[in-house]
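Q: Below are the chains, spelled out letter by letter.
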Amino acid sequence: MSGINSLSESTFDVNGRKGSVDIKRIALSVEQVSFAYDAVLVLKDINLTIAEGEFIAVLGPSGCGKTSLLRLLAGLEKPVSGKILHQGALITGPNITRGVVFQDYSLFPWLNLQDNLALAINKARKGLARAERKKIAEEYLDLVGLQGMALKHPYEISGGMRQRAAIARSLALGSPLLLMDEPFGALDPVNRVRLQDLLVQLCRSTTTGRTVVFVTHDVEEALYLGDRVIVLGTTPGRVIAEIKVPFEGQRQRYDLFQSSEFRKLEEQISALYHEDIERQLEAGSVVSGEGALI
Amino acid sequence: MTEQQHYSASHKKGFKGFEGVLLFVVLGLSWQLTTTMLPLSNTSLYPTPAVTFKALLDSLPELLKGTWSSFLILVPGYLLAVVLGALWGIVAGSVGWIHRAFDPFAKVAAPIPPTVYIPYAIALMPTFRVSAILVVFIGAFWPVFVNAAAGAASVPLHYRDNAGILGFGRFEYMRRVVFPAALPNIFSGMAVGLALAFILLTVAELFGANQGLGRFVQYYADYADYPRMVAGILYTGMVTFAAMALLDFVKRRVLFWVR
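So the sequences go chain by chain: A and B. When the letters of the first sequence are read in order and numbered with the numbering used here, they come out as residues -17 to 276. When the letters of the second sequence are read in order and numbered with the numbering used here, they come out as residues 1357 to 1615.
Keep in mind that the hints are not guaranteed to be accurate.
[Unchecked claim] Examples of chain A residues toward chain B, derived with CB under 7 Å:
id, residue
1, Leu72
2, Pro76
3, Pro91
No lab work stands behind these hints: they were computed from the structure. No residue lacks a Cβ here, since even glycine has one placed at the ideal position from N, Cα and C.
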C-alpha cells in the first residue's frame, strides 16, 4: 500500500506540512472508545487526538458510525467503553462548549432566525438586554450572508439558508469546538460549494476560527475542507487511516481538484474503502445489501 | 437571493367549495318542498323555512341573552380545561414518574362519559352555573390533556438534541421546546374539547338552567312552539360553528410554522 498508511503504522504526512499534532494544545482526545446501539457494535476502539484550531474531516461510508462518533463527541450519546476528553475534562453530556450543526434540523421551526440565534446568544453571554441580543443575532446573520433575513422563519427559507443560520447559531454560541454532521449533505451542488467556501473562510478567520470536526461521506469535501482526514471503515466502525491533507493555505477549489496530489489521495481513499470491504468479505461479516459504499 | 424559494400558499379556487354550497341548497329546497307540498298530519311540528326564519328573528334578543348566559358557563369551563389540560399534559407527557403515576388513573377516568356527572354536579355545587362549569371543564379537560401528553411524549429527538446543545435546563426545555412542539397536539385536543364542551353545556342546560341555548330549545319544546325550537337548534348550530371557526383561525395563526 503506497501513500496512506494504515492506523497501525505512523500517521502519513504527504509533504511534511505543519507541525505534528502533539506540539499543539490538545482540544479533544478520544481514548479506546467503543459504542453500541441496540447491542450492535457501531464503533470499535476509536482513538483520536485533535489539536486546537484543527479542522478534522471524518470520512466514511454510510453505516460506518460517523454520526455516532459525532454524537459521542457532542455528549448526546455515551460510549460503552473508553473515554472522551474535551479540554481535559470528561464529556458527560451536551454542553455549550461544543456546538453542533446537524444535517437539516438545527433550528426551532417556531422561532424566526433572530430568535433562534438569540437562544444561543443568551447562553453565551448572560444578562444581555433583549435589544442587544437581537443586534448581535443580526451581526452573526450578516456574517454568514443572511443580511435582512432576521425575521424569516426556517420554513420560509431554503435548505442552504437554514444551514447558514445553523452555522451562525453555532458561532453565536461561542463554542470553542464545532461539530458538524454532514451539514451540507442535503444541499444541491451549487449551495454545497458556496457553503463549503463560507466555512473555509470562517474557519480561517481569527475571530470565528475554531476547532472543527466535520463528518461527511464526500471524499472531495473532506479533502477540500480538512487539515486532517480520519477515514472510518465499516462494521464495526473503526479508524482505518488518518491522512494529513497536504494542501497549504488558501485552497483554490478548481486548481486543487485538478492537481495530481488531490487525485492521488482520492484514489487512495477509494482503495482503502475497497480493502475494508474485501477484508470483511473474507471475514464473512458482510451481509449482502449492507455496507454499501457511499 | 437565488437561494430563496417561494412557497405559494394559494389554493386553487373556482369550482371547489361549490359542492358544499350545493348540499345546503338541496337541503333548503327539500325542507321547503316537504313542508309545503306534503300532506302532513301535524303541520305545527314541521315549520316551513319562512316561519322558522321569522321565529328566529323574533327570538333573537332572547337567543343573544341566552348565548351570553351559556358563554358564562362555556368560556370559564373550557379555558380552565385548556390551561390545566395543556400544562398537566405536558408535565405528565415528559416526566417519567408522573406519567407512570397518573396514567392508570387517566386511563380509567378519561373514558367516562362526562354527561353522567351532571346530576351529581348539580346536587353538589352551590349554583347551577358552577356545576355546569365543572361539567364542561371535566369534558374538555381529558381530550386536551390526552393530546398534550401524547405531544409532549413524542417530541422529536432532534429538538431534544438541540436543547441539550444550547444548554437548556429542564424548565427551559419544557417551556421553549416541549410546549411549542406539543402545540399541534394541544390544538387537536382543544378542537375535540370544544365540541364536547358545547354538548355538555346544552345537556346541562336541559337539566337545570333557567336560561341559555339548551334551555331555550327545551323551553319551547315544552310549549310545543316548534318554529322557535327549530330556530333555537339552528342558532345553536351557528354559534357552535362560529366558535369552532374562531378556534381554527387562532390555530392557523399560532401554528403558522407547521407545514
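Q: Could you work out which earlier hints the structure fails to respect and list their numbers in ascending sequence?
A: Hint 1 contradicted; others consistent.
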